[in-house]
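K.L.:
Full structure from sequences and hints, please.
Each chain is listed here by its residues.
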Amino acid sequence: MSAPDPVRDPDAFHAWALLFLDRALSREEEREFQAALAASDDARRAFAQAAQADSELVELCRADAEAPRLPRLRSGRRPMTQLLWAAAALVLVGAGSILLWPRREAPPRPVVAVPAPPAVPDADEAERRDMQQRLAEIEKERRRQTPEFRKPEEKRPVEQPPHKTAEELVEEQKKIEAVLTEKETRIREKAGATVAAVAQIESVSGAVFVLSPDKAPARGGQLLIAGNVVVTEGDGRCVVSPALRARIELFGGVKATFGASPGRVVVQQGKLIGQTSKRALEIETPHTRFETVDGALFASVRPAWTHVEVHQGKVRVGGRRDVAAGQLALEPPRAPSQAEIDEAIRRGVEWLKKAPSPAYDQFGIKNCDEFILFALVRAGVPASDPRVAELLKNVLAAPLEKTYNVALQAMCLEELDRVRYQPRVADCAQFLVDNQCKNGQWTYGEPTPFLRNAPPGPPSPGPGKPKVRKLIQIRRMREGPAQGDNSNAQYAALGLRACYDAGIALPTETLALARKWWIACQFGPDPKGGRGWCYHDGKGKVNGCECCRYVYSSMTAGALGSLVIYDHMLRVDWRRDGSAQAGLEWMANRFSVVHNVGWGKQIEGDLEDEGARFYNLYAMERVGMFTGLEKFGRHAWYAEGAAVILERQLPDGSWSDFPRGVPNEPPAPVEDTCFALLFLGRATRPLQDLATPGSPK
Amino acid sequence: MSFRNDEIGERVLGQLLSRRGWLLAYIRAIVRDFDLAEDVFQEVCLTVVRKRDQITPGGALPGYFLKVARHAALALLERKERQAATLPGELLDALDVAWSDGAKGGESAKLNLLRRCIDRLSEGARRLLRLRYEDLMSGKRLADEIALTTKSAYVALSRIHRALRECVARGEGAAP
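For the record, the sequence lines run as chains A and B.
Heads up: the first sequence at position 665 corresponds to 683 in our numbering, and the numbers run straight through without jumps.
Heads up: the second sequence at position 57 corresponds to 100 in our numbering, and the numbers run straight through without jumps.
Mixed in with the good hints there might be a few duds.
Computed footprint of chain B on chain A; a stretch qualifies when at least three of its residues, placed anywhere within it, have a C-beta under 8 Å from a C-beta of chain B [unchecked claim]: (1) 43-56; (2) 61-73; (3) 445-458; (4) 572-579.
In the DSS-like style, the derived pairs of lysine-lysine whose C-alpha atoms are separated by at most 25 Å in a straight line are [unchecked claim]: (5) A:K296 <-> B:K183; (6) B:K123 <-> B:K110; (7) A:K296 <-> B:K153.
Keep in mind that the hints were calculated from the coordinates and are not lab data.
All C-beta atoms in this analysis are idealised placements derived from N, C-alpha and C, irrespective of residue type, glycine included.
P.N.:
So, in structure tokens, the structure goes:
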């Protein structure tokens, strides 16, 4: 049977076209139909009409489909990997996660909608194009002028007119960009609403909001346009379809931007499950991006890392390596740039300069002047700064009463002018030596009557640390209490190190006893390897609490730093110190810049490890600086810690850890800001002999 | 991504989406499978958004979309080793010309008209449409359902298509 004529029998030809599209013609008829198509324009136009009519009707029926349904996945069955995934998701994120599993199928639907017509080209657009072209030319010219981009053999043709200098090009670029921004804003305003939706919310439960930019409750079926942010709070859950046959389940605490760039979802934080069938699904996090075209994954985006578990198919992580089903990928943070760190420090310093100095009356600590002063000085604030001058005046005028304050005072004075303030540093040393407990620890301390109270000398000339001209010998004049705690003890070690650098000759028995204590009270071995420290030695109450049985990160780092200090002052190589090595092993195995690992157990037994996190970071910084190690195990401590700290800086420039990790403990923004600044600025100087005659300045 | 690229990208994407049915029909003519055609259309969308920086919105875009779609469709068929299913290259070249005539855009308005025109059809015709496009019945099942031969069922469909086309062309479905 030959194909009908499209002109004489259009209905029959149309029917043949539909049969052809549906592959319902016999082989012979197919050949006939193709011959008819090849023979005339009319046949081809009629075929195009038939195909378009069929397509339009399918579109229409799909557009009229009722309530939003989950996208249909290619595989209707549930293979074992999917079931395993569901089980894993259930374990990881709680029973609510089972809701995310697709149970019903629905016809595929268009992912995008076009509610607004395209903008009409106008004069502004023409100008904008010209300006963009000029900007491209400028960029090209600047690259040409930059030595690293210029090929050695490249020669400029002689017929070209003389080019502008790099400075002139930059100036022109700035001017054009300023005008261009205004023009683009005007064009955008003229264009009206955004034209394309990039995703659709399939279902919502609990507190889910869309920021566009105002915060409004999300609803099922809602279309998302480029740049919309979906936020799930508390136990809020949300299923979003960013592409046909692709879906993302967002759990509570997620912040995700859809269409921030085409085809991508940017997830700033939270947990999610992504699933796609023959569709590109690309998820970007602060640490990495991962993509899959036919897979299922669970991802947890935390401030310090992104953790991806592949449950089905294959996921490409970071654009470079494939992770197969059943495997995990843990992506560390991208190291912040130095410019970002400098800016964070600048903002933190500005805030700290105006901050009040808090007291801890329960421990007899009247203020934190020394801590603020040390943080400011190590952040590069000059001694001439009014706030620094005021704090220094207060510090010098105050009596030496408490271990923390005295140790930090010694650190400040050694830093500011160790020769001028050497007499005061010697008094600090006397206080610390006289307050050492019988077991080698320190506690909050009591004033000692054996201070010299000698006046400071004249200011040292010139920049940099002045050379120590004389040593001041300190002898132990009294015995301290029976025992103390490891937190005071670690700050005493820092203070003694400052005294040592300022030319104070400390009693060897004090240093040896302290070192002996740190070695004796180390706990272990840890199930993961290494040995750590806790607040005390795990025997009985200390400072009114029994929180001394569990090893935790901040105390381990603080203890390890102290041990390395004593090794240095006693001329022991810390690399050969078994306790120090075991401590480092613990830190490598239990490394976290987000949690103070073990803290929750030592406080209550069942709390999260969310206490004293900035205190922990500063303790880690000291270990890194003292040992010269850039990594603890596989972890680049500075890059990871700085990323977390930058992430947590508050809009006013300060830091304030919350929750505090101790029930009912109020926030401590001043202390946390000091810790953060000290970490970011790598405030701890490496251990080296500064005070012995002949040593470097 | 810069602001200006965003806007150009949106306009390009807008033009693509306003011709979705037209382009989908073209792809389907090549791959002859509606599900596969949707896959290819998504590929085209991805290609367009990836290359948005290199594309200038304008009159040449529909032709560009056709080229991208054809390339993606053939690539998909090749991956699936189903080249035999498609039309010869010369015929596709000729079809490109025929398809270009229909690249008007503005399909959402047309779909609205179409929706109203369907309401004017007889009950039997609407049932046929429902079976075919909502229940996604194949031609053979459709024919069994309405007790016709397969070809007669397709002829009935083609007549409905013609009636709808004429209704839309006259603008009869327009809201008062």
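K.L.:
It remains to establish, for every hint, whether it holds in the given structure.
P.N.:
Now the hints, each set against the structure:
By the rule of at least three residues with a Cβ nearer than 8 Å to a Cβ of chain B, the coverage given for the region 43-56 of chain A holds, with 3 such residues. Look at the region 61-73 of chain A against chain B: 11 of its residues bring a Cβ nearer than 8 Å to a Cβ of that chain, three or more, so the hint holds. Against chain B, the region 445-458 of chain A contributes 0 residues with a C-beta closer than 8 Å to a partner C-beta. That does not satisfy the three-residue criterion, and the hint is violated. Counting residues of the region 572-579 of chain A whose CB lies closer than 8 Å to any CB of chain B gives 0, which falls below the minimum of 3, so the coverage claim is violated.
A threshold of 25 Å between alpha carbons decides the hint, and for K296 (chain A) with K183 (chain B) the separation of about 29 Å lies outside it, so the pair is violated. Proposed proximity of K123 (chain B) and K110 (chain B) is supported: the alpha carbons are some 20 Å apart, at most 25 Å. Distance check on the hinted pair: K296 (chain A) and K153 (chain B) sit about 30 Å apart at the alpha-carbon level, beyond 25 Å; violated.
The earlier numbered hints that this structure contradicts are 3, 4, 5, 7.
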